[in-house]
Amino acid sequence: ALERIRVAMERHGLSFAEAMEETRSSNVFTTHTPVPAGIDVFDDQLMQKYFGDYHKQFGVSWKEFLALGWQENTPKGAGFSMAVLALNQSSYFNGVSKLHGEVSRGMWRELWPSLPAHEIPITSITNGVHVPSYLSREMAGLFERYMGPGWERDPADSHGIWGRIAQIPGEELWRTHERRRERLVAFARKRLTDQLTRRGAPQSEIEVAKEVLDPSALTIGFARRFATYKRATLILRDKERLIKLMTNKDRPVQFIIAGKAHPKDEPGKAFIRELVNFARDPRVRRHVVFIENYDISVSRYMVQGVDVWLNNPRRPLEASGTSGMKAAANGVLNLSILDGWWDEAYNSQVGWAIGGREQYRETEYQDQVEANALYALLEKEVTRLFYERGTDDVPRQWVDMMKTCIQQIAPVFNTNRMVREYTERFYNDAGRHYTALKADNHKRSRGLSAWRAMVRANWGKMRIESIEAANGRKWQVGDKIELSVKLALDTLTPDDVLVQAYVGPIDTTGQIINGQPVLLTHQSDGVFTGEISCQETGQMGYAVRVLPRHSDLNPIHTRLVLWS
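Numbering (this note's numbering), first residue to last: 1 to 564.
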């Protein structure tokens, strides 16, 4: 963002403010995490070291430069926040799932302190995966045979193409998946054997590694970064209960686990050690494998070959997650906390939810409750459904869920839908706006910059002189309330402002909940009028607010609001 400003100044002779106005119009910021460790914050000294000379090219003071991204209250202390810089230098903002959008609006509320939470302009576009990159050859062959080539050309066509999943015979789908599980088991055995050989393990241990896992047993996969909020060891909370589940003679369960921790993430590395030590327990040695050096190749084997994809982050810290989408496109059922993408994708026909959407104050208690819920699902639902077979040894209900999972998830959680959504909601508008601001020797960029400076300088001089409305009686649904507002605009003009009545239900503290704006129109001499429509029953209220108005600017982006 900063370099775009510098280049615009250098090439087009724009001032810093003009270049910032122009480039900001086409910047799109996607925030990717609510976890503080994932958001870089640098102190003044470090910023001075790397930007002390660079900032001089903008012709602004060091204090003005730091203000572009400075944040006083962060978990890392005061500093220059890269996320704040991005939010200040963009016109479009989004999280990577619907839940993450909600979390982000709360997280960055201090940047829009005068707006209700639901109006903070951070929306969401849920991530997607490139299905052909992670789909097994066998499953791609099935899709081609029963759905035609259109599934790959337009995987976001949810109405026509994906409905043909039902035409795939259950026996054929199941046998296809069994071959993939067998291939995954062979891959896991080889990787484990190689790992032990590199470490100089005794030959007896290497021989055991060649026979770990059962190619026909219920196989659960867990693979991801070992960040602590992802709770890789939640499944180990009650080891005896887990071992009993895994070693059930009639319904055995096995785990294939992979992942990495950041070199400086000591708690994450401790999680890996705990899992590796558990895998060495003689009681479960043949039922669990930890695969080192997790990469895309390992990921492909796992999302194609496991039966269940396990994900148990601490809600709501999983912004989106994509590994479960890759698994779902392969017919793998998700077993997950209702967080990230799974919070919007889940229903009982496509997988399982660990717990509900509860909020916890104590993490220890949360872990206990959700671990128990996880064990209960595995014991009572997942294993039962997997091992209930007909005379043809096919788990019919399980296969039906696989089909529904693919049909509902694959056409939505893919990159085609995601990129189309970015284009239609952000990129097209951003491109048009940027082109318009640059036209005619950047005339509109210069004008917008001058207008913003004028409004900021004079905003504090404006005041609401009076509000007149009929009061003192109960209103009926369908009634209209006439409203008249008198503004003292000082040096601003009626064209510089947007006057609204903010209307909505009132909570027990007298605050308006999820209000909606009603536009008031200028009549004369700073008087704005309009009417409020009584559309629902209950205790309702309104407030009057004034925002800046300019044809080239979303009024919310100025962050200037005058409330009555």
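Worth double-checking, as some hints may not be accurate.
To be verified - Beta-carbon label-pair distances, calculated as ranges:
| no. | residue 1 | residue 2 | range |
| --- | --- | --- | --- |
| 1 | Ile206 | Lys76 | 24 to 30 Å |
| 2 | Pro215 | Thr74 | 26 to 32 Å |
| 3 | Gln48 | Asp495 | 38 to 44 Å |
| 4 | Thr537 | Pro517 | 17 to 23 Å |
| 5 | Asp440 | Tyr360 | 38 to 44 Å |
As the list claims (entries may be wrong) - SDA-like cross-link-like pairs, simulated, lysine to any residue; straight-line CA separation at most 20 Å:
| no. | residue 1 | residue 2 |
| --- | --- | --- |
| 6 | Lys486 | Asn428 |
| 7 | Lys486 | Pro517 |
| 8 | Lys380 | Asn347 |
In case anyone wonders, no lab produced these hints; they're calculated from the structure.
For each residue, glycine too, the CB sits at the ideal point set by N, CA and C.
Structure-inconsistent hints, enumerated in ascending order: 1, 2, 5, 6
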